[in-house]
Amino acid sequence: MTVKPEGQLKFSAGDLVTVKNMPHTEKFCIIAFKYHEQEEPIAVLKALFNNTFIIEKPVSELNSLLIKGIL
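Quick note on this note's numbering: the sequence shown kicks off at 208 and runs consecutively.
One should not assume that every hint holds.
[What the hints assert, rightly or not] Pairwise CB distance ranges, derived in the manner of DEER restraints: (1) 239 / 270: 14 to 20 angstroms; (2) 244 / 223: 24 to 30 angstroms; (3) 217 / 245: 16 to 22 angstroms.
[To be verified] No farther apart than 25 angstroms at their CA atoms in a straight line, the calculated lysine-lysine pairs in the DSS-like style are these: (4) 217 / 241; (5) 227 / 264; (6) 241 / 227; (7) 241 / 264; (8) 253 / 227.
Derived from the structure by calculation, the hints contain no laboratory data. C-beta atoms are modelled at their ideal positions from N, C-alpha and C, and glycine is treated no differently.
Can you build the whole structure from these sequences, using the hints too?
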């Protein structure tokens, strides 16, 4: 496993997102990406507001808050 810059992903570090299989009230900031050989990139997410946990989710499970004009 290696950690490297985002490259051509539709998300970048600092983007605000929600996760498809979690409540939409839980919002996250992308802090990094992890890349495994022949697998999709994994985003490292930090919970915002009153939540102080960090999770990892595949990029395909993310919904951007910025594209839709929510924030």
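- [ ] Please flag the earlier hints that this structure goes against, numbers listed from lowest up.
- [x] Hints that this structure does not satisfy do not exist here, as all of them hold.
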